[in-house]
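Enquirer: If you want the building blocks of each chain, they are given just below.
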Amino acid sequence: MSEPGIRALELADAAVAGDRRALARLLTAVENRTAIAEAALRHLYPSTGRAHLVGITGAPGAGKSTLVAALIAEVRAVGRAVAVVAVDPSSPITGGALLGDRVRMQAYASDDGVFIRSMASRGHAGGLAATSTSAATVLDAAGFDLVLLETVGTGQSEVEVAAAADTTVVLETPEMGDEVQAIKAGLLEVADIVVVNKGDRPGAQRTAAQLRAMLMSTASPRVAAGSRDTSSVARDERADRPRPKRPDVLITTASTGEGVPALLAALDRHRAAGREGLADGARLARAEAQVWAIVSERLRERFHGAASGNVTASTLRAVAEHRLDPYAAADRLLASITGDRPAD
Amino acid sequence: MTDRPIKVLIAKPGLDGHDRGAKVLARGLRDEGFEVVYTGLRQTPEMIVTAALQEDVDVVGLSILSGAHMTLLPKVTRLLRERGLDDVLVTAGGIIPDDDIPALEEAGVAAVFGPGTTIAEVAAYIRSHVRPPEA
Numbered sequence: 001m002s003e004p005g006i007r008a009l010e011l012a013d014a015a016v017a018g019d020r021r022a023l024a025r026l027l028t029a030v031e032n033r034t035a036i037a038e039a040a041l042r043h044l045y046p047s048t049g050r051a052h053l054v055g056i057t058g059a060p061g062a063g064k065s066t067l068v069a070a071l072i073a074e075v076r077a078v079g080r081a082v083a084v085v086a087v088d089p090s091s092p093i094t095g096g097a098l099l100g101d102r103v104r105m106q107a108y109a110s111d112d113g114v115f116i117r118s119m120a121s122r123g124h125a126g127g128l129a130a131t132s133t134s135a136a137t138v139l140d141a142a143g144f145d146l147v148l149l150e151t152v153g154t155g156q157s158e159v160e161v162a163a164a165a166d167t168t169v170v171l172e173t174p175e176m177g178d179e180v181q182a183i184k185a186g187l188l189e190v191a192d193i194v195v196v197n198k199g200d201r202p203g204a205q206r207t208a209a210q211l212r213a214m215l216m217s218t219a220s221p222r223v224a225a226g227s228r229d230t231s232s233v234a235r236d237e238r239a240d241r242p243r244p245k246r247p248d249v250l251i252t253t254a255s256t257g258e259g260v261p262a263l264l265a266a267l268d269r270h271r272a273a274g275r276e277g278l279a280d281g282a283r284l285a286r287a288e289a290q291v292w293a294i295v296s297e298r299l300r301e302r303f304h305g306a307a308s309g310n311v312t313a314s315t316l317r318a319v320a321e322h323r324l325d326p327y328a329a330a331d332r333l334l335a336s337i338t339g340d341r342p343a344d
Numbered sequence: 345m346t347d348r349p350i351k352v353l354i355a356k357p358g359l360d361g362h363d364r365g366a367k368v369l370a371r372g373l374r375d376e377g378f379e380v381v382y383t384g385l386r387q388t389p390e391m392i393v394t395a396a397l398q399e400d401v402d403v404v405g406l407s408i409l410s411g412a413h414m415t416l417l418p419k420v421t422r423l424l425r426e427r428g429l430d431d432v433l434v435t436a437g438g439i440i441p442d443d444d445i446p447a448l449e450e451a452g453v454a455a456v457f458g459p460g461t462t463i464a465e466v467a468a469y470i471r472s473h474v475r476p477p478e479a
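Line by line, the protein sequences give chains A and B. Reading the first sequence from the start, the letters are residues 1 to 344 in the working numbering. Reading the second sequence from the start, the letters are residues 345 to 479 in the working numbering.
Treat the hints with caution; some may be incorrect.
[Claimed, not checked] Over 10 Å on every C-beta distance to chain B, these chain A residues come out as not near it, computed from the model:
| no. | residue |
| --- | --- |
| 1 | Ala81 |
| 2 | Gly126 |
| 3 | Gln156 |
| 4 | Pro174 |
| 5 | Arg246 |
| 6 | Val291 |
| 7 | His304 |
| 8 | Ala313 |
[To be verified] Calculated cross-link-like contacts (lysine to any residue; reagent style SDA-like; alpha-carbon spacing at most 20 Å):
| no. | chain 1 | residue 1 | chain 2 | residue 2 |
| --- | --- | --- | --- | --- |
| 9 | A | Lys245 | A | Glu189 |
| 10 | B | Lys367 | A | Thr94 |
| 11 | B | Lys367 | A | Ser91 |
| 12 | B | Lys367 | A | Gly61 |
| 13 | B | Lys367 | A | Pro89 |
| 14 | B | Lys367 | A | Gln106 |
| 15 | B | Lys419 | B | Gly452 |
| 16 | B | Lys419 | A | Lys184 |
| 17 | B | Lys419 | A | Gln106 |
| 18 | B | Lys367 | A | Gly95 |
| 19 | B | Lys419 | A | Tyr108 |
| 20 | B | Lys367 | B | Arg386 |
| 21 | B | Lys419 | B | Ala464 |
| 22 | A | Lys184 | A | Ala213 |
| 23 | B | Lys367 | B | Thr388 |
| 24 | B | Lys367 | A | Gly100 |
| 25 | B | Lys419 | A | Ala107 |
| 26 | B | Lys367 | A | Val103 |
| 27 | B | Lys419 | B | Arg371 |
| 28 | A | Lys245 | A | Gly281 |
| 29 | A | Lys245 | A | Ala209 |
| 30 | B | Lys419 | A | Ser110 |
| 31 | B | Lys367 | A | Pro60 |
Rather than coming from a laboratory, the hints here were simulated on the basis of the structure. C-beta atoms are modelled at their ideal positions from N, C-alpha and C, and glycine is treated no differently.
All chains should be modelled from the sequences, with the hints used to inform the complete structure.
Expert: Structure below.
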C-alpha cells in the first residue's frame, strides 16, 4: 500500500477508536484535500450514515452559535455524543479567516462527548466549506450521534446545507421582515424546521405566527379524501413534482435555553421520520451532489493541468479586450484539451 | 494543496477582561492570510488545549495582561505536551516583564511579544517557525 494509504488507515482507525488528536489531524487532511483524506474517506464511508446530520443556518447574528451551544447542553444532558462543524467565511482578498464560533461553545473542554471544529469557507460560496460534508462524514464515522453543521451567516439563497444535512434548521429573528419575505423562494424553502430565535424580544410570537401562516399556505394543498377530480394521471404528476416542505415553526431563546428541548424533540421526530423512508429522496440528492462535486473537481484538476499556460493567457486577454466572447473562449480551451474541434 | 493557510488559535487565559489587543491581533493575522480561531475571554488552560487539539492548530497565541503568566502559560505548555501537541508553536503577548521571559522560554513558550510589536513582526515570526504541514 502507498504511504499516504497507510497513514490514512492509521489515522482513520485511531479516530474511530476515540483518539481525538487523530480525528483532528484527519479533519485537517480533509480540509486540505490531501491524498490521506481521500484514502481515509474511502475507508470510512461504509461505516457512516448512522449520525443525524443537522444543518443550522440563518443570517449573521441570528444566534446560530448560541443555539448550537444550547443544543450541545441539551444533548449532553441525555448523554449523546455531539460534534459541531462551524463554518466562517474566508477573506476573498487574503485567504485569511476569523473563526469565532467557539467563543460561545467553550464549556465542554473536558467532555469527550463534545467535539467542535471550526472551518474557513476557503472561497466556497454556498454557506459551507467545500469539504464540510466530508468533515461530517469523518465525525459520523468517529461515532458522534449528532453532527451539527453550522453555516456562515447566510442571506437568502445559500441553500447548500440542505443537501448536506438530514435535517435543516433555518434561524429567523423577530421582526426580520414582513410576510413577503416569508414567501420569497430560497432559504426558508429548504427548512425542515424554522426557529424564531431571540424569543424574548418583542414581536417573536407575531413573527412565528406570520411564518406559520405563510409557510403553511405555500405548501401544496392536501387533496381532500375521496375527492373525485383526481384521475390517476393527475395523481402521478402530483407525486413526481418536487413539493414544498411544511416546516415546523418553533420559538427559542438560545441564550437562556428556552425552547431548546422542544427543538431537540422536533429534530428527533424529523430524524425518526427520515428513518421510516421519508428522507429517501434527500439521501439520493446528497449522494448525487457529492458524486458530481467530485467529478467536476477531478475534471477541473485534469483540465487545469492540461491547458497550456500560453493558450489560457492569450485567450483570456482576447476576452478581456472584447475580441473574443467568453463562450467561444471556453469552447476553444476545452478543444485544446480534448482535441475536439471547437463548436461554432 | 501545499500553500494551505496557517491556523492560529488566539486565546486569553485567566481572568482579566481586556481583549482588545487579542482581537486586534486576531484581525491582523486574518489580514495576513492566517486562519485564526478566536476563543474569547477567560479561558482555562484546559479549554485552550482542548481547542488547540480539536482545531489542530499550528500556533497557539496567548494574550495575558493579568500578571498570572508565570502560572498559566507553563500550565498551557505542559498540558499541550501531555496531550501530544508538542509540535505546536506557542507564543505569548501582553504585559510580561523581561525578567520572566527566560523562565517562560524554558517552559516551552517559543516567543514573547511585548507592547509595540507589529502584526507584521508576529506574522513573519509565525511563518518562519511553524511546523511543516503534513502531506
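Enquirer: The structure should be examined with respect to each hint, and the outcome stated for every one.
Expert: Against the structure, the hints come out as follows:
Against the 10 Å criterion, alanine 81 (chain A) stays outside the reach of chain B, whose nearest CB is about 14 Å from its own CB. Annotated as non-interface, glycine 126 (chain A) keeps its C-beta farther than 10 Å from every C-beta of chain B; the closest such distance is 19 Å. The Cβ of glutamine 156 (chain A) lies farther than 10 Å from every Cβ of chain B, with a closest approach of about 26 Å, so its non-interface assignment holds. Against the 10 Å criterion, proline 174 (chain A) stays outside the reach of chain B, whose nearest CB is about 26 Å from its own CB.
The Cβ of arginine 246 (chain A) lies farther than 10 Å from every Cβ of chain B, with a closest approach of about 37 Å, so its non-interface assignment holds. Every CB of chain B is more than 10 Å from the CB of valine 291 (chain A) (nearest about 22 Å), matching its label as outside the interface. For histidine 304 (chain A), the condition that its CB be more than 10 Å from all CB atoms of chain B holds, with the nearest at approximately 13 Å. Once the 10 Å rule is applied to beta carbons, alanine 313 (chain A) is consistent with being away from chain B; the minimum gap is 21 Å.
Distance restraint check for lysine 245 (chain A) and glutamate 189 (chain A): the Cα-Cα separation of roughly 7 Å lies within the 20 Å cut-off, and the hinted pair is therefore satisfied. At most 20 Å may separate the alpha-carbon atoms for a hinted pair to count; lysine 367 (chain B) and threonine 94 (chain A) meet this at roughly 18 Å. For the suggested pair lysine 367 (chain B) and serine 91 (chain A), the alpha carbons sit about 17 Å apart, so the restraint of at most 20 Å is met. Taken as a hint, the lysine 367 (chain B) and glycine 61 (chain A) pair is honoured in the structure, with Cα atoms around 18 Å apart against an allowance of 20 Å.
A hinted pair counts as satisfied when its Cα atoms are at most 20 Å apart, and lysine 367 (chain B) with proline 89 (chain A) qualifies at roughly 17 Å. Distance check on the hinted pair: lysine 367 (chain B) and glutamine 106 (chain A) sit about 17 Å apart at the alpha-carbon level, within 20 Å; holds. Simply put, lysine 419 (chain B) and glycine 452 (chain B) have alpha-carbon atoms about 10 Å apart, close enough for the 20 Å limit, and the pair holds. A threshold of 20 Å between alpha carbons decides the hint, and for lysine 419 (chain B) with lysine 184 (chain A) the separation of about 53 Å lies outside it, so the pair is violated.
Straight-line distance between C-alpha atoms of lysine 419 (chain B) and glutamine 106 (chain A) comes to about 18 Å, which keeps the hinted pair within the 20 Å bound. Straight-line distance between C-alpha atoms of lysine 367 (chain B) and glycine 95 (chain A) comes to about 18 Å, which keeps the hinted pair within the 20 Å bound. About 19 Å separates the Cα atoms of lysine 419 (chain B) and tyrosine 108 (chain A), which keeps this hinted pair within 20 Å; it holds. Of the supplied pair hints, the one linking lysine 367 (chain B) and arginine 386 (chain B) holds, its CA atoms being roughly 14 Å apart against a limit of 20 Å.
Taken as a hint, the lysine 419 (chain B) and alanine 464 (chain B) pair is broken in the structure, with Cα atoms around 28 Å apart against an allowance of 20 Å. Simply put, lysine 184 (chain A) and alanine 213 (chain A) have alpha-carbon atoms about 14 Å apart, close enough for the 20 Å limit, and the pair holds. Taking the CA atoms of lysine 367 (chain B) and threonine 388 (chain B), the gap is about 18 Å. The hint holds against a cut of 20 Å. At most 20 Å may separate the alpha-carbon atoms for a hinted pair to count; lysine 367 (chain B) and glycine 100 (chain A) meet this at roughly 11 Å.
Taking the CA atoms of lysine 419 (chain B) and alanine 107 (chain A), the gap is about 19 Å. The hint holds against a cut of 20 Å. The suggested pairing of lysine 367 (chain B) with valine 103 (chain A) holds, with an alpha-carbon distance near 12 Å, which does not exceed 20 Å. Among the hinted pairs, lysine 419 (chain B) with arginine 371 (chain B) is inconsistent with the structure: their alpha-carbon atoms are about 26 Å apart, more than 20 Å. With a C-alpha separation of about 13 Å, the suggested pair lysine 245 (chain A) and glycine 281 (chain A) falls inside the 20 Å cut-off, and the hint holds.
Under the criterion of a C-alpha separation no larger than 20 Å, the hint pairing lysine 245 (chain A) with alanine 209 (chain A) is consistent with the structure, at around 17 Å. With a CA separation close to 15 Å, the supplied pair lysine 419 (chain B) and serine 110 (chain A) stays within the 20 Å bound. This hinted pair checks out: lysine 367 (chain B) and proline 60 (chain A) have alpha carbons roughly 19 Å apart, not beyond 20 Å.
The structure fails hints 16, 21 and 27 (numbered hints given earlier, in ascending order).
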